[in-house]
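Got chain A; can you put chain B on it based on the hints?
Take a look at the letters that make up each chain.
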Amino acid sequence: MDPDADYTTYVRARWDSLVRSAVLLGCSPTEAEDIVQTTLARCYSGWAKVQSADVPDAYVYRTLVNCLAKSRRRRWLAETPTERLPDRSVEDPADAVAERASVLAALSALTESQRAVVVLRYYADLSERQVADALGIPAGTVKSRLSRGLEQLGKDLGDADADEARRGSPC
Amino acid sequence: MLTDDRARDLLRSAVADLTVSDAPADELVRRGRRTRRRTRLTAAFGAVALVAVIAVGSAVVSDIERTADQPAATQPTPPTETPPPTENGLVTPPGTRLVGMGPIAVAVPQDWGTNKVKCGQPLADTVVFEGTGTLLCFVPQRDVSSVHFGEITSAQKGATTIDLGEVEITRSDIVEVQGDYPFSVGRVTVPSHDVEVLVRSTDEQIVRRILDSVQAIPTGYMAIPVPYESPKETAARLKTAGLVVRLNDVYRPNMSSGVLLSSDPPLGSIVPRGSTVTLNVSEATTRTEQNHQIVEYLHELMTAPDRPPQISGPMLPVTLGLGDEPVRVEHLPNLNNPDAWLIHRESFNGYNGPFSAGDKLATDPDTWTVTAEGQQSCSWGRAADMPGFDKDLRLTIEPENITSCLEWWAVDVYVDKSGSIDAISLNLVEP
Chain A
1 MDPDADYTTY VRARWDSLVR SAVLLGCSPT EAEDIVQTTL ARCYSGWAKV
51 QSADVPDAYV YRTLVNCLAK SRRRRWLAET PTERLPDRSV EDPADAVAER
101 ASVLAALSAL TESQRAVVVL RYYADLSERQ VADALGIPAG TVKSRLSRGL
151 EQLGKDLGDA DADEARRGSP C
Chain B
1001 MLTDDRARDL LRSAVADLTV SDAPADELVR RGRRTRRRTR LTAAFGAVAL
1051 VAVIAVGSAV VSDIERTADQ PAATQPTPPT ETPPPTENGL VTPPGTRLVG
1101 MGPIAVAVPQ DWGTNKVKCG QPLADTVVFE GTGTLLCFVP QRDVSSVHFG
1151 EITSAQKGAT TIDLGEVEIT RSDIVEVQGD YPFSVGRVTV PSHDVEVLVR
1201 STDEQIVRRI LDSVQAIPTG YMAIPVPYES PKETAARLKT AGLVVRLNDV
1251 YRPNMSSGVL LSSDPPLGSI VPRGSTVTLN VSEATTRTEQ NHQIVEYLHE
1301 LMTAPDRPPQ ISGPMLPVTL GLGDEPVRVE HLPNLNNPDA WLIHRESFNG
1351 YNGPFSAGDK LATDPDTWTV TAEGQQSCSW GRAADMPGFD KDLRLTIEPE
1401 NITSCLEWWA VDVYVDKSGS IDAISLNLVE P
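Going down the list, the sequences are from chains A and B.
Residue 112 in the working numbering is what sits at position 112 of the first sequence, and the numbering runs on without skipping anything.
For any residue, its number in the working numbering is found by taking its place in the second sequence, counting from 1, and adding 1000.
For reference, chain A alone in the conformation it holds in the complex (with noise of 0.2 angstroms):
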């Protein structure tokens, strides 16, 4: 297939769940297409190697992740203002919105480094060897870091997602 061709179609599936992943990470809906873009952009110049990796999303995913930090260290986010977590339980169920706002609200409050395995594990769908690869990570470090995120996610997002996880769990 015509390379060029073949990247058209790879950048028109994933765009859209790139650019969710890049909100994820941290950026404002803005800053996310911008990002994507300059990570697909790399890719472009080195399409052969995304085309001949084992799991292209997860070479394009290290490409975002590491765009990613080289933009947070250019503009130097020494402070990320964290709005404060709602009081009440994210389950209303006639709160969608409040729910969203405040899933983003808790992923701002992992590390960087627990928030890009999250996002890349639970949104991405990458596995956790892939997690591993796109990362430069071993996989202990990113089941580690998985559990200690999703535990940390659970006590912000509130009682009743934990509630639901204990009812949930075997255990």
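It is worth saying that the hints were derived from the structure and are not from the lab.
Some hints could be false.
[Claimed, not checked] Distance windows between CB atoms, simulated: (1) B/Asp1017 <-> A/Ile137: 26 to 34 angstroms; (2) A/Asp125 <-> B/Asp1017: 48 to 56 angstroms; (3) A/Asp16 <-> B/Leu1261: 27 to 35 angstroms; (4) B/Glu1300 <-> A/Glu151: 56 to 64 angstroms; (5) A/Ile137 <-> B/Pro1094: 39 to 47 angstroms.
Note that beta-carbon positions come from the ideal geometry of N, C-alpha and C, so glycine has one too.
Same frame as chain A, now just chain B:
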């Protein structure tokens, strides 16, 4: 702890309603191809034939170039008129300002901005520091001119070496590059300091004039160094370079804190060593919780004057004002007495006095909106800050549901970084 499925659901729902633009796939491909051509262009710099006319001992480079398509026998363009040197030995042609990096400076038009770029593309005529040459996301190319300062990106084969007296530079011929807007580009480098100046414009004469203005920065002067990644590191770098640095927080509610916004004088300006440089740094936090506490405190101060609650920070004097005019100073504990709020003026904006912001603060807080953006619903834009408090966070309290602007009022509360109230001002709409 959350289950895997619950975590997936939460993340998906958090961005489910996000509006995402269409994938710019075709534009990305075009940009990628352009970047390839640009890479070839960089390589082509070394292949451009040189015409060597070396001006030795001159502080200003003479006109030494020809364009790539001119035959070698063509006479060089007559030199532009050299303006008289200024007292400090720097040459600043009329209508220009000097900007530089390391040991050299060039003159650019006075109205050019600094770092007016997005995704590597200049948005207006501008000086650009670092980050040049890589176009990793895209903004359509515009018909603008720019001077890029940065590290040397590639060797300049065939460039002319010019001795500026205190430093040696190399200069390449001006070449034309095809694209959406065909533009001319020229380059000088300072190999000893790893500095490159790339000038590009659709008007070749602009490129030529700027390259002609290259000069060595005399002893006792320096170019304000370009920023590092953080204001703190930038400040350290500037201090090391012999400048006095003042950090100035600028309230920017929609940005992250700690972003270097600008400097005064602008980065790259040529200044005497030991000059003071002000770095303007974003202060983003909206201090939501603190804002809430402050507003609640003021309300309680008016409605429960016997038991004024405490807020963090010392009880400093508070300036009371009308609009942007400071009127007098009271001490905060005294403001539990409604009379202490009274400003005895016959009239203000067409209303008869006396006036009291305290009366407004005694109304029901559930009927207020509190903003830090100064968007006052019945005023023409944001009213001016009271002089002397423009560095403070300005909280504006307004009535929420009014049927007419004649019912509108605003109490502006100026809060310093420590959370202390500096000033409170009452505003009324001018009929």
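Each hint, compared with the structure:
1. Here the CB-CB span from B/Asp1017 to A/Ile137 is close to 32 angstroms, well matched to the stated 26 to 34 angstroms.
2. Remark: the range hint 48 to 56 angstroms for A/Asp125 to B/Asp1017 is contradicted by a beta-carbon distance near 20 angstroms.
3. Restraint check, A/Asp16 to B/Leu1261: a C-beta distance of roughly 33 angstroms satisfies the suggested window 27 to 35 angstroms.
4. Taking 56 to 64 angstroms as the suggested C-beta distance range, the pair B/Glu1300 and A/Glu151 does not conform, at roughly 39 angstroms.
5. Separation of A/Ile137 from B/Pro1094 is about 59 angstroms and departs from the stated range, judged on CB atoms against 39 to 47 angstroms.
Checked against the numbered hints above, the structure breaks hints 2, 4 and 5 and satisfies the rest.
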